[in-house]
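Trainee: What follows is each chain in one-letter form.
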Amino acid sequence: MEFDKKSLLKLGKLARISISDDKLNNLSKDLNSILEFVDQLKEIKTDQVDPTSNSLNQKLEVRDDKVDTKNSAEDILENAPEKEMDFFVVPKVIE
Amino acid sequence: MKDSYTLKSLAVLLENNKISSKELTSEYLKNIENGKELNCYNTISQEKALIDAEKSDERRKSQNLRSKYDGIPIGIKDLFCTKGVTTTASSKILSNFVPNYESTVTQNCDDAGLISLGKLNCDEFAMGSTNKTSFFGSVKNPWKSVNSDYELVPGGSSGGSAAAVSGDLCVASLGTDTGGSIRQPASFTGTVGLKPSYGRVSRWGIVAFASSLDQAGPITKTVEDAAILLDIISGHDEKDSTSSVNPKENYYENLNSDIKGMKIGIPKEFRSDKLPASTQKSWDECANLLKTNGAEIVDISLPHTMSALPAYYIIAPAEASSNLARYDGVRYGLRVKGNDLIDMYEKTRSEGFGDEVKRRILIGTYVLSSGYYDAYYIKAQKIRSLIKSDYVEAFKKVDAILTPSTPSTAFEIANEPSDPVQNYLNDIFTVPVNLAGLPGISIPYANDENNLPIGLQLITNSFEEQKLLNVAKNIEETINYSETPEKWWLK
Numbered sequence: 000m001e002f003d004k005k006s007l008l009k010l011g012k013l014a015r016i017s018i019s020d021d022k023l024n025n026l027s028k029d030l031n032s033i034l035e036f037v038d039q040l041k042e043i044k045t046d047q048v049d050p051t052s053n054s055l056n057q058k059l060e061v062r063d064d065k066v067d068t069k070n071s072a073e074d075i076l077e078n079a080p081e082k083e084m085d086f087f088v089v090p091k092v093i094e
Numbered sequence: 000m001k002d003s004y005t006l007k008s009l010a011v012l013l014e015n016n017k018i019s020s021k022e023l024t025s026e027y028l029k030n031i032e033n034g035k036e037l038n039c040y041n042t043i044s045q046e047k048a049l050i051d052a053e054k055s056d057e058r059r060k061s062q063n064l065r066s067k068y069d070g071i072p073i074g075i076k077d078l079f080c081t082k083g084v085t086t087t088a089s090s091k092i093l094s095n096f097v098p099n100y101e102s103t104v105t106q107n108c109d110d111a112g113l114i115s116l117g118k119l120n121c122d123e124f125a126m127g128s129t130n131k132t133s134f135f136g137s138v139k140n141p142w143k144s145v146n147s148d149y150e151l152v153p154g155g156s157s158g159g160s161a162a163a164v165s166g167d168l169c170v171a172s173l174g175t176d177t178g179g180s181i182r183q184p185a186s187f188t189g190t191v192g193l194k195p196s197y198g199r200v201s202r203w204g205i206v207a208f209a210s211s212l213d214q215a216g217p218i219t220k221t222v223e224d225a226a227i228l229l230d231i232i233s234g235h236d237e238k239d240s241t242s243s244v245n246p247k248e249n250y251y252e253n254l255n256s257d258i259k260g261m262k263i264g265i266p267k268e269f270r271s272d273k274l275p276a277s278t279q280k281s282w283d284e285c286a287n288l289l290k291t292n293g294a295e296i297v298d299i300s301l302p303h304t305m306s307a308l309p310a311y312y313i314i315a316p317a318e319a320s321s322n323l324a325r326y327d328g329v330r331y332g333l334r335v336k337g338n339d340l341i342d343m344y345e346k347t348r349s350e351g352f353g354d355e356v357k358r359r360i361l362i363g364t365y366v367l368s369s370g371y372y373d374a375y376y377i378k379a380q381k382i383r384s385l386i387k388s389d390y391v392e393a394f395k396k397v398d399a400i401l402t403p404s405t406p407s408t409a410f411e412i413a414n415e416p417s418d419p420v421q422n423y424l425n426d427i428f429t430v431p432v433n434l435a436g437l438p439g440i441s442i443p444y445a446n447d448e449n450n451l452p453i454g455l456q457l458i459t460n461s462f463e464e465q466k467l468l469n470v471a472k473n474i475e476e477t478i479n480y481s482e483t484p485e486k487w488w489l490k
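Protein chains in written order, with numbering that gives the first Met the number 0: chain A, 0 to 94; chain B, 0 to 490.
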């Protein structure tokens, strides 16, 4: 079993998702099932193969270095759950 | 409402003043109201649609049309950001999100004068093949089996987009396809679903799931309509650096169903004993039909087909875990109060995401984490290269590939398997196309013994959408599929 209670809670920490005790069993079963499924790839030899991260064979264009006045602070903050002046407000981080 | 409405036929009716945009829009809004039980729409833009329709009618009067299709109302998957209209991705975490910008694709539709009826239900963050992962509940397939009264899934993730077209709650819609999310629901609902080549359509302003795989496309009643809508939405966009600079073609104008001399590949790896006999029969019949119409049928091999799905379930969750890191309760969307910043993040994401999204974020986080990155993520990317080269080799021999769209027809909503992997198998025929970045289309071919639509998939090489549409048109013309679901929700 790759995903036991301890490793699952650690993964939840990494992904910033809290996992309640009553969900642990099912989640562990589901994730182990997925992992078992993808593990079949281990049987395929890929030593001589380069990875593909994107299927498009196109050079990334560099755009002109021009000033753009879009994205005002007001627009960006419009959907903020909590804001003050031109800032997002979050719970205190430093004591 | 006539079932024969298409983008093409409506353009003619509007042009000849047989109907106004306002009348047409009202008619569809009425259909939406009467079809509420199907749960296709997350948001209905009643007021805005009628105002936009009036503006279109004025443009028509003053001969100042934006396009031939000015005034035709369509539906939009709730994954496209639309200025001033709630955009939720069918997730609790975005249920209050009203973008102040417009996605390029929906802007292109607006520039052509198309009118949005509202935002269509889908699986949460487009993760699912049944539409059951939506925070707003399942969409119901307009089709029902002749042998039972059970409600069926419309497929997913663009389930609302497909069901709405099939049930006449819009004439055409926009969907997105990361592993089959346009083609699979199109297949389940007897509609035409086109996933363009990666890069053909701008992804800007679409809620991101897996950025190297996501692509927007049309769901329509006919191949011609798919070409019309692709003409409207496609093209280079400087806001999306992965959108192609290849010039787009005039897909509709250049539609040509002559396939004489073309070579159509039948990949042996897609054959399976588990395939329903009626699907196998449709696939064989269609190959014969193409042969009769002048094409040559060629047996081909795509040796890494069976590795596509496991590779996809590493790559897509990895990209999703990274893309969905932005939902943290700070800048937009849901915030759940916590004892400190980390606690706030964890509670927001735990309450805001549904189970399938959480599973994928966790798997994605795992395969990207230190110690597993090479064994899983890089490995999957190498498999992706092998899959891509399978298709490169195949397209040296053939013009197009013909396969079934899905391993089954639509199934009962209540019958969804509890094991996530069993659900993932729905996309076994569509996922390789996304990994290779190719265009694919699902077209309805026939109905099975339960009177449920069977879809067949055509695949061509990158940026050969014209050829794809041409072969699809040839099949459509020959079989003249005209089945429509009985409108049980009107009773």
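A hint or two may mislead.
Derived lysine-lysine pairs resembling DSS-like cross-links, with alpha carbons at most 30 Å apart [said to hold, decoys possible]:
no. : chain 1 : residue 1 : chain 2 : residue 2
1   : B       : Lys54     : A       : Lys82
2   : A       : Lys58     : B       : Lys387
3   : B       : Lys91     : A       : Lys28
4   : B       : Lys47     : A       : Lys5
5   : B       : Lys91     : A       : Lys12
6   : A       : Lys22     : B       : Lys35
7   : B       : Lys346    : A       : Lys5
8   : B       : Lys247    : B       : Lys35
9   : A       : Lys44     : B       : Lys396
10  : B       : Lys336    : B       : Lys47
11  : A       : Lys12     : A       : Lys22
12  : A       : Lys4      : B       : Lys131
13  : A       : Lys22     : B       : Lys54
14  : A       : Lys65     : B       : Lys238
15  : B       : Lys466    : A       : Lys69
16  : B       : Lys336    : A       : Lys12
17  : B       : Lys267    : A       : Lys58
18  : B       : Lys47     : A       : Lys22
19  : A       : Lys12     : B       : Lys54
20  : A       : Lys91     : B       : Lys247
21  : B       : Lys387    : A       : Lys44
22  : B       : Lys238    : A       : Lys9
23  : B       : Lys396    : A       : Lys4
24  : A       : Lys69     : B       : Lys7
25  : B       : Lys91     : A       : Lys82
26  : B       : Lys91     : A       : Lys41
27  : B       : Lys267    : A       : Lys41
28  : A       : Lys58     : B       : Lys396
Quick list of the computed label-pair ranges, beta carbon to beta carbon [what the hints assert, rightly or not]:
no. : chain 1 : residue 1 : chain 2 : residue 2 : range
29  : A       : Gln39     : B       : Leu340    : 36 to 42 Å
30  : B       : Lys267    : A       : Asp74     : 50 to 56 Å
31  : B       : Val391    : A       : Asn25     : 48 to 54 Å
32  : A       : Lys22     : B       : Leu340    : 19 to 25 Å
33  : A       : Lys91     : B       : Asp373    : 36 to 42 Å
34  : B       : Ser25     : A       : Gln39     : 34 to 40 Å
It should be emphasised that the hints constitute simulated quantities derived from the structure, not laboratory data. Beta carbons are placed, not taken as given, at the ideal position from N, Cα and C, and that holds for glycine.
Trainee: Is it true that the CA of Lys22/A sits at most 30 Å from the CA of Lys35/B?
Mentor: violated, 33 Å
Trainee: Between Gln39/A and Leu340/B, does the C-beta distance stay in 36 to 42 Å?
Mentor: holds, 40 Å
Trainee: Taking 48 to 54 Å as the hint, is the beta-carbon distance of Val391/B and Asn25/A inside that range?
Mentor: Since the Cβ atoms of Val391/B and Asn25/A sit about 41 Å apart, the hinted range of 48 to 54 Å is violated.
Trainee: Is the straight-line distance between the alpha-carbon of Lys336/B and that of Lys47/B 30 Å or less?
Mentor: violated, 35 Å
Trainee: Hey, Lys65/A versus Lys238/B, does the alpha-carbon distance stay inside 30 Å?
Mentor: Status holds; Cα separation ~14 Å.
Trainee: Verify the proposed pairing of Lys91/A with Lys247/B, using a straight-line Cα cut of 30 Å.
Mentor: Violated - the C-alpha atoms of Lys247/B and Lys91/A are around 51 Å apart, more than 30 Å.
Trainee: Okay, Ser25/B versus Gln39/A on CB: inside 34 to 40 Å?
Mentor: violated, 54 Å
Trainee: Would you check the hint for Lys91/B and Lys28/A, treating anything up to 30 Å between C-alpha atoms as holding?
Mentor: holds, 25 Å
Trainee: Given the proposed pairing of Lys466/B with Lys69/A, does the C-alpha separation stay at or below 30 Å?
Mentor: violated, 40 Å
Trainee: Please work out if Lys54/B and Lys82/A have their alpha carbons no farther apart than 30 Å.
Mentor: The hint is violated at about 37 Å.
Trainee: What's the verdict on Lys58/A and Lys387/B, does the C-alpha distance respect the 30 Å limit or exceed it?
Mentor: holds, 19 Å
Trainee: Lys58/A and Lys396/B: Cα distance at most 30 Å?
Mentor: holds, 28 Å
The structure fails hints 1, 4, 6, 8, 10, 13, 15, 17, 18, 19, 20, 22, 23, 24, 26, 31 and 34 (numbered hints given earlier, in ascending order).
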